[in-house]
Amino acid sequence: MQITAAQLAEMINARIEGDPDVIITAPAKIEEAGPGTITFLANLSYEHFLYSTQASVVLVSQEFKPRTKVQPTLLRVDDVYGTVGQLLAIYQKNEADQTRRAVSSYAVVEPTARLGNNVRIGKFAVVEDGASVGDNTVILDQVYIGPNARVGANCTIYPGVRILRDCVVGNHCILHPNVVIGGDGFGFAPDAETGVYQKVPQVGNVILKDHVEVGSCTTIDRATLGSTIIQAGVKLDNLIQIAHNVEIGENTVIAALTGVAGSAKIGANCRIGGQVGIAGHCTIAEGTQVQAQSGVIASVKGPDAKLGGSPHMHYPDYLRSYAVFKRLPGLLEDIRKRLKALEG
Amino acid sequence: MQITAAQLAEMINARIEGDPDVIITAPAKIEEAGPGTITFLANLSYEHFLYSTQASVVLVSQEFKPRTKVQPTLLRVDDVYGTVGQLLAIYQKNEADQTRRAVSSYAVVEPTARLGNNVRIGKFAVVEDGASVGDNTVILDQVYIGPNARVGANCTIYPGVRILRDCVVGNHCILHPNVVIGGDGFGFAPDAETGVYQKVPQVGNVILKDHVEVGSCTTIDRATLGSTIIQAGVKLDNLIQIAHNVEIGENTVIAALTGVAGSAKIGANCRIGGQVGIAGHCTIAEGTQVQAQSGVIASVKGPDAKLGGSPHMHYPDYLRSYAVFKRLPGLLEDIRKRLKALEG
Amino acid sequence: MQITAAQLAEMINARIEGDPDVIITAPAKIEEAGPGTITFLANLSYEHFLYSTQASVVLVSQEFKPRTKVQPTLLRVDDVYGTVGQLLAIYQKNEADQTRRAVSSYAVVEPTARLGNNVRIGKFAVVEDGASVGDNTVILDQVYIGPNARVGANCTIYPGVRILRDCVVGNHCILHPNVVIGGDGFGFAPDAETGVYQKVPQVGNVILKDHVEVGSCTTIDRATLGSTIIQAGVKLDNLIQIAHNVEIGENTVIAALTGVAGSAKIGANCRIGGQVGIAGHCTIAEGTQVQAQSGVIASVKGPDAKLGGSPHMHYPDYLRSYAVFKRLPGLLEDIRKRLKALEG
Chain A
1 MQITAAQLAE
11 MINARIEGDP
21 DVIITAPAKI
31 EEAGPGTITF
41 LANLSYEHFL
51 YSTQASVVLV
61 SQEFKPRTKV
71 QPTLLRVDDV
81 YGTVGQLLAI
91 YQKNEADQTR
101 RAVSSYAVVE
111 PTARLGNNVR
121 IGKFAVVEDG
131 ASVGDNTVIL
141 DQVYIGPNAR
151 VGANCTIYPG
161 VRILRDCVVG
171 NHCILHPNVV
181 IGGDGFGFAP
191 DAETGVYQKV
201 PQVGNVILKD
211 HVEVGSCTTI
221 DRATLGSTII
231 QAGVKLDNLI
241 QIAHNVEIGE
251 NTVIAALTGV
261 AGSAKIGANC
271 RIGGQVGIAG
281 HCTIAEGTQV
291 QAQSGVIASV
301 KGPDAKLGGS
311 PHMHYPDYLR
321 SYAVFKRLPG
331 LLEDIRKRLK
341 ALEG
Chain B
1 MQITAAQLAE
11 MINARIEGDP
21 DVIITAPAKI
31 EEAGPGTITF
41 LANLSYEHFL
51 YSTQASVVLV
61 SQEFKPRTKV
71 QPTLLRVDDV
81 YGTVGQLLAI
91 YQKNEADQTR
101 RAVSSYAVVE
111 PTARLGNNVR
121 IGKFAVVEDG
131 ASVGDNTVIL
141 DQVYIGPNAR
151 VGANCTIYPG
161 VRILRDCVVG
171 NHCILHPNVV
181 IGGDGFGFAP
191 DAETGVYQKV
201 PQVGNVILKD
211 HVEVGSCTTI
221 DRATLGSTII
231 QAGVKLDNLI
241 QIAHNVEIGE
251 NTVIAALTGV
261 AGSAKIGANC
271 RIGGQVGIAG
281 HCTIAEGTQV
291 QAQSGVIASV
301 KGPDAKLGGS
311 PHMHYPDYLR
321 SYAVFKRLPG
331 LLEDIRKRLK
341 ALEG
Chain C
1 MQITAAQLAE
11 MINARIEGDP
21 DVIITAPAKI
31 EEAGPGTITF
41 LANLSYEHFL
51 YSTQASVVLV
61 SQEFKPRTKV
71 QPTLLRVDDV
81 YGTVGQLLAI
91 YQKNEADQTR
101 RAVSSYAVVE
111 PTARLGNNVR
121 IGKFAVVEDG
131 ASVGDNTVIL
141 DQVYIGPNAR
151 VGANCTIYPG
161 VRILRDCVVG
171 NHCILHPNVV
181 IGGDGFGFAP
191 DAETGVYQKV
201 PQVGNVILKD
211 HVEVGSCTTI
221 DRATLGSTII
231 QAGVKLDNLI
241 QIAHNVEIGE
251 NTVIAALTGV
261 AGSAKIGANC
271 RIGGQVGIAG
281 HCTIAEGTQV
291 QAQSGVIASV
301 KGPDAKLGGS
311 PHMHYPDYLR
321 SYAVFKRLPG
331 LLEDIRKRLK
341 ALEG
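Protein chains in written order, with the working numbering: chain A, 1 to 344; chain B, 1 to 344; chain C, 1 to 344.
If you are wondering where the hints come from, they were derived from the structure by calculation, not from laboratory data.
Please note: incorrect hints may appear among the correct ones.
Over 10 Å on every C-beta distance to chain B, these chain C residues come out as not near it, computed from the model [said to hold, decoys possible]:
#, residue
1, Q54
2, V103
3, H176
4, N178
5, P190
6, K301
7, H314
Below 25 Å or equal to it, Euclidean Cα-Cα: the simulated BS3-like pairs (lysine-lysine) are [said to hold, decoys possible]:
#, chain 1, residue 1, chain 2, residue 2
8, C, K29, B, K265
9, C, K326, C, K337
10, A, K199, A, K265
11, B, K340, C, K29
12, C, K29, B, K209
Quick caveat: nothing in here was measured; it's all calculated off a predicted structure.
The C-beta atom is built at its ideal place from N, Cα and C for all residues, glycine as well.
Isolated chain A (complex conformation) (with noise of 0.2 Å):
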């Protein structure tokens, strides 16, 4: 992105005090920019950086006051705030924008596999037979698309994603490198004389509707029978796993590291911290927050519980519990004394 002062000025309607011309690269931080740069000044106490900055240009409110002249071209507006996310949205557009639209000479594209319009297929992807991908969608680098799977319109799918057979991606989805969805779900019955496992066949998919966000390296499971299901808005960060069967309620988002076990079912607009253990077969209602590092055992009833512990309690019940645990020799010796004394 190449853009000047009075360019964006006249895109994000702000009032400039200073060199009009001055030309914009790149987004930074007040701390860290250097010339090309925009940057922003919003939390004053910040406010020193302002005046050592290399920015080429700051935005700041209408009512802010410089204590002294200032070297960067700044761009008066209203929403400080929400002008940066503005701009940020214009940037990554751009950016986007820039990537070749097209089928790359070095991507497999099988004869059944159908592409919407403006589809773009990186170097190395493979989209199998009987694969199917929605308009606008770009395939990274890299990429394998599995027989039969269906990716929708408007979705970004980084390099390394791997979306097995038969799975379904919905549209304006993200899904981060190295993210699995579709491996096998972990099914084995014991053979009761030998104690050697058997493989239950897994031959169900996984589902992602609309809006959903899978962090890097997160493996989503498919279901046994039927489909491993996540619902629209859901949010999924890095290195999470889902496993067969389970389901994920609508705009539910949650952290890294977290586990979920088969079959269970999280309920809409739940709030699940990193390093969650969540068991099989569990239903959480909606609403539910969950701590990190908790471990749910078993369903929760809610709406809105709040959960920590493991296995899981009402969490400010385990804070205050766990604020007694710490202290737990001293409070036994103090008891025992105590008790000692009245024994005589």
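Following the hints, complete the assembly by docking chains B and C onto the known chain A.
What follows is chains B and C alone, placed relative to chain A:
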């Protein structure tokens, strides 16, 4: 798979009630089954679905008596669950047979690599110098088989798996997408004066014996010297970390997000839950069960111990202690009141 | 590597006893060593293996006196362990030198990418527009180096690594298979009315300084704005999550499956165990040690604190409290009995 009810009935030795010529293309759950699918009714709490299902064929027991007329063709068998397993295995085998047995023209197999009979090598897969792949093994797209690595017969290696230099995979193994076999062990020696870490060379390998299955994004590090060994029949879930020089005994199963630190030795037939940590150099006896999220910090003599907590303890004892922990603030309050009353 | 005992003796300044012409091809552990291997005897509790080993050559100390005649050629050195390290480094260097220094004809290096001298780019690897790779760096097969990403000199980047747009890797770094550098940070703003999450654009990058090593499937997210920074000499194990805008100080080591949340700052020379969680925006002082499976939920002033538990506390105190926890049911029972007796 396209088959008529009559053809299937002959294969699974079923008795037909209804249209024998209806065509089946896929299995499904009774509550979700659409036209062209086959489903089953074993648990009678699902019976009401039978009267509304769109499925073309339903497996039922010999004894089952519908309360009213049913639309789908019924196939009566002696053991419904057993037949479902048989059916899914037929379906999955059939799907696998459709995959072309050949070396893709987009794969690179180096001149000194050796391929068995009936091997498939997928697009953008690499088999490096000195590597070998056994009979009937399917190497899917974008897999990496490093120099001198060996993969046995009848394996399935999914897209994005990396099997590094000198590592060995047995027969009948399944490696799910993005698994890493043979990354360097995490070994560093700090310089006593500067605190800077020097890498300890990792020149061993990883050996997977027969019938091992490894879940998506699981990582198994090579030994510093010698081998990290996964014995026959071991089943590892997704996102598991197995460190250098670990040994895991036959038919042990480990759930997702568990970490096993360097040189730990886990016995046969253990059952280890998700998010468990096992400390380095521990020896865990045969048949040990470890509850999810526990931390095993020392050797376990067992056999057949049940562990929970972090650091680990006898699991039933952990639950008893935890039950008291949950009530600690109230219990302490009560004791204090009674002590005060006694002290006058 | 093929070398005779005599040639090796000269390289490591050893004294030969036995056949000087025996050929060595690989190192091995004494209890597993086969013909053609070299092994060592330093810890005398392994001495009995010396009399049965199939190894061709064994390193021993100058002083060591075998109890009986031995089959392998002995190489006597002053410092057995030191020589083993030297030997493994020679062996590994030798293996690495065999890898061809060249750009594979199956790789794609875009026209505006810049490659240093003596660079290797593996098969199906991609180096995108504006990216650069420093001298002597080895990029293995199926790696992705995104637009404008920079990789320094003398690095090894293993198969399946993804280094996304604008990210920077220093010199002498090692990235193990399927590592992801620069996936988007996990940033979403909920719509106050609908609960639907809007993506916060993530336009920063990731910077790895020199001598950083990153384990298989570890993920490091790009900063929202600015950089996620991994300082020189940091060693990260497998399956670690480093969130957006985190900074990790020099020579800090982190074990597998640990998660560091957004904007946390970890000091230099910390030692962080496996499966640890560190909350967002915490500052952890230099030299802090964190026990495996702990949860650090607030800043740690330190230096050199030792932490355990979740939420974290002083680790020795955690162990003392936990020792009481293990005995809680019995302790409570005893207190109650004594109270009852006193209350008459």
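Consistency of the hints with the structure:
no.: 1; hint: Q54; result: 14 Å, holds
no.: 2; hint: V103; result: 14 Å, holds
no.: 3; hint: H176; result: 4 Å, violated
no.: 4; hint: N178; result: 5 Å, violated
no.: 5; hint: P190; result: 27 Å, holds
no.: 6; hint: K301; result: 20 Å, holds
no.: 7; hint: H314; result: 16 Å, holds
no.: 8; hint: K29(C) to K265(B); result: 17 Å, holds
no.: 9; hint: K326(C) to K337(C); result: 19 Å, holds
no.: 10; hint: K199(A) to K265(A); result: 24 Å, holds
no.: 11; hint: K340(B) to K29(C); result: 66 Å, violated
no.: 12; hint: K29(C) to K209(B); result: 20 Å, holds
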